[in-house]
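Trainee: In case you want the letters, here they are:
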Amino acid sequence: MSAAPIELPRWADTALVPLVSVAAALAVSGLVVIGIGESPLEATALLLRGALGSAEGIGFTLYYTTNFIFTGLAVAVAFHAGLFNIGGEGQATIAGIFAALACLWLAPLPGLLLVPLAILAAAAGGALYGFIPGWLQATRGSHVVITTIMFNFLAATLTVYLLVEVIGKPGSMQPETPEFAAHAVLTPMHKLLAPLGITLPSTPLNSAFLLALAALVAVWALIFRSRLGYAIRTVGANPRAATYAGISPARITMVAMAISGALAGGLAVNEVMGVQHRLLLDFTAGYGFVGIAVALMGRGHPVGVALAALLFGVLYQGGAELSFDKPSITRDMVVVIGGVIILFAGALDGLFRRAVALLLRPGRVA
Amino acid sequence: MERPTLPDIDRGPRMHLKTLALALAGVALSAVVAMAQTAVKPAIVYDKGGKFDKSFNEGVFAGAEKFKTETGVEFRDFEPTNDAQIEQALRRFARDGHSPIIAVGFSQATALQKVAAEFPALKFTIIDMVVDLPNVQSVVFKEHEGSYLVGLLAGMASKTGKVGFVGGMDIPLIRKFACGYVQGVKAAKKDAEIFQNMTGSTPAAWNDPVKGGELAKSQIDRGADVIYHAAGGTGIGVLRAAADAGKLGIGVDSNQNGLQPGKVLTSMLKRVDVAAYSSFKAARDGNWKAGISVLGLKEDGVGWALDDANKALITPEMKAAADKARADIISGAVKVHDYMSDSKCAV
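If you're matching them up, the sequences are chains A and B in order.
Each residue of the first sequence is one higher than the last, beginning at 1 in our numbering.
Each residue of the second sequence is one higher than the last, beginning at 1001 in our numbering.
A few of these clues could be false.
If the Cβ cut is set under 7 angstroms, some of the chain A residues that face chain B in the computed set are [said to hold, decoys possible]:
| hint | residue |
| --- | --- |
| 1 | 156 |
| 2 | 175 |
| 3 | 282 |
| 4 | 320 |
| 5 | 331 |
Okay, the calculated beta carbon distance ranges per label pair [said to hold, decoys possible]:
| hint | chain 1 | residue 1 | chain 2 | residue 2 | range |
| --- | --- | --- | --- | --- | --- |
| 6 | A | 106 | B | 1346 | 35 to 41 angstroms |
| 7 | A | 198 | B | 1346 | 54 to 60 angstroms |
| 8 | A | 181 | B | 1050 | 31 to 37 angstroms |
| 9 | B | 1039 | A | 166 | 47 to 53 angstroms |
| 10 | A | 166 | B | 1328 | 33 to 39 angstroms |
| 11 | B | 1292 | A | 197 | 39 to 45 angstroms |
| 12 | B | 1070 | A | 55 | 38 to 44 angstroms |
| 13 | A | 325 | B | 1244 | 42 to 48 angstroms |
| 14 | A | 201 | B | 1050 | 23 to 29 angstroms |
| 15 | A | 197 | B | 1069 | 49 to 55 angstroms |
Quick caveat, the hints were computed from the structure, so don't treat them as lab data.
Don't be surprised by glycine CBs; every beta carbon is placed ideally from N, CA and C.
Extracted from the complex, chain B is given alone in its bound form (with noise of 0.2 angstroms):
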């Protein structure tokens, strides 16, 4: 499947095409409106980071309490303690009849091929993974395009022509976070240095906000300027590290401007939240598809941030290239090279 379920973000030619078949669909439903949506009985199994982690999970609670908001159904959800529960949740609410169920992040995988194999008849979304079933959605994210362009931003803010990457576990996703934002720091200077460091080598590294914040720190002392986390919560202590030093920050995720504001220079958004609240929509409005959802620049599951916290920051000039960019990704005349594709990163 090349088109994601997205309809609410979409943009472009298209938007005209679907806005017309939408104006369409609702004048013939308008008269059967209560009959045309699907009673749906969500569900989300979160990550093992928990629900409250301050950006992944936290996005598809977002979108789940966005659709809960807006339709009034209600959705059960579970927050995992270890491998075994992950699988035991899957099963237990697809015995209760929920769907679509939602598999948060790419260590559900086993479980959910199991599960899903097992109840044909229930709707399953995976984020961050493929799992190749007749009834599952797998939504995964272009990071690396994002990246880019948040790379691209630090690369023409930089005064000193050294910017400093903040990994948060050292694992190939994260690479290809790296990988993304050098190449655009190298578009916007060619000379430019980049330093990068990994928080640590065990999930702990995601919510290390001190270590994270001594990593920006001895950035900036060897003249970083902007710095971009792909951490989790341990990013939280390098925006602030890099504000306290009156230096910038770049969030990841979730929009982190606000975190410390005037101080991040942007944000790489992955609009997990999205992908969550379609999931949930799509299904109660009877058009829900299995398959790949790859989301990029293209389709707005990637993007950068840009609100009332940074625009002082991001100048005319900034913006225009990111939005070349931007389009030159899209048209495929420029191409970033996706560390994930052969575990290397060659700039």
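Just chain A, with the same shape it has in the complex (with noise of 0.2 angstroms):
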């Protein structure tokens, strides 16, 4: 994924550098902090009570959490084949729209088939919308960065035209669709666990986490341990060796982006058929975007995307409470920490591995 030749042992490269990246973003986010005039150490407390501190706030925290393991899943698996998908947010919207479709067309359904349809749909949807830029670099060499960010408006200015024309609520000022039937929507979390004798405050968080926990070990199992995740490495890492090797690297670019997609559909997964119950306009609200740099973070890595998930779950729950609390701290506030913690862990990632180098073997590093 990274082009810096700088070698470095697995656990430094894997933990150490992200951990380094994280520590100076926040200390930048401090200084930002100082400087309007607030406290960082009481800042980052209530940050984190926000986020940690009660069952409704981890709640919040995992519900984000599921979002970013979706779209950073999707990142990671279009990065271990060399390509950079940054269409997470369309493949999402059209996953939402296939996801809203099904929950909408096949209601008369029992929710036991209607569900996982439903599921299937959504990642179908992302599965093809992130097909068709792979067939197209694949095909005719057109950048997947280029397509992939172009899809995402096409992606949205169809649902624009689908909620107002042809699936919109009639009558309805805000352009969604109809709410779902109740037994077409995946469970809340505190639904879940009550039978458990588990009482659980009323959050966003629902049954699609445990889908993004199984994906993560099906991601895992995948890339490290299955022939085409084997295939899938071998053309991220050197597409003409792959092809030396037997495997059609174009093949591999449009099965990767598939997938990549399909995970993207994860999002619309929890906005749509978990939180909303219904398909609204810009549901993807970023997240998409943000799962570039939850990828880059967890160095492609699922062990490593689920840390970096869970670390802007608690800084988009945590900045929330922040900005509640706070009203000095508004929510552009909380942006620019979020941007700050991507700019370390992403861009200046370099920067760290040097320093680190230096520090764990001097002398070997020119």
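Make the complex out of the two chains shown on their own, each in a separate frame, by following the hints.
Mentor: What follows is the structure, given as structure tokens:
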């Protein structure tokens, strides 16, 4: 993924460098907080307490984490094939349309059949919408970075058209579909755990979280324990060598983009089927783009993605609580803090790699 | 409920009754004035557009600020960044005992439906949408009526017989603005030509002044000399492009006449500030009522702006025609078709 030629021990590469990056980002964010006249320690405490200090906070944090796991995995799978999929937003949007149509049109089916079908529809929609840029890259040489970001706009436009002209709720001010039937949606976590005697406050956390955990395991197995994963990694490392080894980079490009799109579809499962219970505009809310940071920070490994997703979940939920308690810290400040973390963990990755390498093995780095 | 709770902008014969009632109430309450005011803990959850959007949300903020200056009562507010935070913020304010809580914008309806039902003792106000619960006040506006009046003025002010409309995002609400406007223009000039453009189909269309300006320029190139925008921040570009070309723009939501003085024919006012102010004020005075308030011309919830910046542009005939149309719409003699009633605009 990274072109930096600096060799690091595995533990330093996967754990130390990201940790140093986050620490540096937090330090810089602290300076920003001082700059607007608030105490960074108090802000950090409020942020952490808001995200992890109550059952409700944890519920919201894990709800955001679910989104970031899906979009982070989507970007990570494409990364392994040497592709930079920045179309998570668009793929999730199309997945949302597919899921919504399934939930609305197949409503007579019983929930046990309908919900899995709708989830599959979401995955299929995302996969299709990831496959097309993959196909264009493989056969026409159109770069996925360009096509996927353009496809985001196409998906948004299509959603508007559908919601305004075709499947929108009649007479509604908001372009949105009617609400799905009660059996067509995912169970909220507080209802799922109630029979076990665990009472939780009502949060958007729902069974899509379990699906996200399953996706983590599945992606790990796919990338590191399957023939296809080996082919994907080979193409990502060196397409020419892959060809020499009898692997078709064109085919792998299309397959990897389809898998990536299907994973991005998980965002739609969580948001559309799990939380909003209807299709609305812009439900992706930028989670697809944050997924890029999550994948970069998690070094493309499912464990790393899970941890990075949790970090961004904490930031989103804790940040919201922070701006509740401290009106001077607006939502834009929270975006700044997130942005600084993305900058340090993603863009300035090499900065700390060199320093860490020097620290670990002085003299061996030129 | 047919009477909206906007006492300070009421007009016409009912005013005397209201004034009388208020005077009587004043006398009765003057002895216990300190006790007559209920303690309120107002709060606002803005639309995702954010607090300082120079139009809709900022109008609510202005109304709340006015309330704060007058009464010294502080209010809390929150700007959500995604849909999940809307419900979270509403519930959070409700749990802290805030009341009334204003939910700004139609996108909060689903969240408010849940939260308002959970906290039946608290008061909620939603703007631009109807939520049918006993503790929710729903404030909606007849934007088509106000747009009709500015359309009428545009039709009269136009020398070329061609006028333009630049919408923000292509959604039913904005088509409602456009449809009212077209009807007004046609009422002034039967054969007038109207160019309509929407800026885009994603929420980014609300904040794209460059594209707004380009759309306005293309309409001017085709001969339009008055251009109305209903496009939020995008409209700043529309008004500027019209002014640069020596043509006229028409503002929306707040009074935008002063943005390009002498080059903005008028502004279609949508008094969200009054809605916010009245909700807080009524709660404090103990006469807050749930139900639907439909604010049209009759209630002064919509209207057109006439001030120093544009008085040279509005001839006496134009003012007379607009006043007459206003009276006719209020009396029912003129019906302005509401696009959202049937999703059609047959003009």
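Trainee: With reference to the structure, classify each hint as holding or not holding.
Mentor: Hints versus structure:
{"no.": "1", "hint": "156", "verdict": "holds (4 angstroms)"}
{"no.": "2", "hint": "175", "verdict": "holds (5 angstroms)"}
{"no.": "3", "hint": "282", "verdict": "holds (6 angstroms)"}
{"no.": "4", "hint": "320", "verdict": "holds (6 angstroms)"}
{"no.": "5", "hint": "331", "verdict": "holds (5 angstroms)"}
{"no.": "6", "hint": "A/106 x B/1346: 35 to 41 angstroms", "verdict": "holds (36 angstroms)"}
{"no.": "7", "hint": "A/198 x B/1346: 54 to 60 angstroms", "verdict": "holds (58 angstroms)"}
{"no.": "8", "hint": "A/181 x B/1050: 31 to 37 angstroms", "verdict": "holds (34 angstroms)"}
{"no.": "9", "hint": "B/1039 x A/166: 47 to 53 angstroms", "verdict": "holds (49 angstroms)"}
{"no.": "10", "hint": "A/166 x B/1328: 33 to 39 angstroms", "verdict": "holds (37 angstroms)"}
{"no.": "11", "hint": "B/1292 x A/197: 39 to 45 angstroms", "verdict": "holds (43 angstroms)"}
{"no.": "12", "hint": "B/1070 x A/55: 38 to 44 angstroms", "verdict": "holds (41 angstroms)"}
{"no.": "13", "hint": "A/325 x B/1244: 42 to 48 angstroms", "verdict": "holds (45 angstroms)"}
{"no.": "14", "hint": "A/201 x B/1050: 23 to 29 angstroms", "verdict": "holds (28 angstroms)"}
{"no.": "15", "hint": "A/197 x B/1069: 49 to 55 angstroms", "verdict": "holds (52 angstroms)"}
Every hint from the earlier list agrees with this structure, and none is contradicted.
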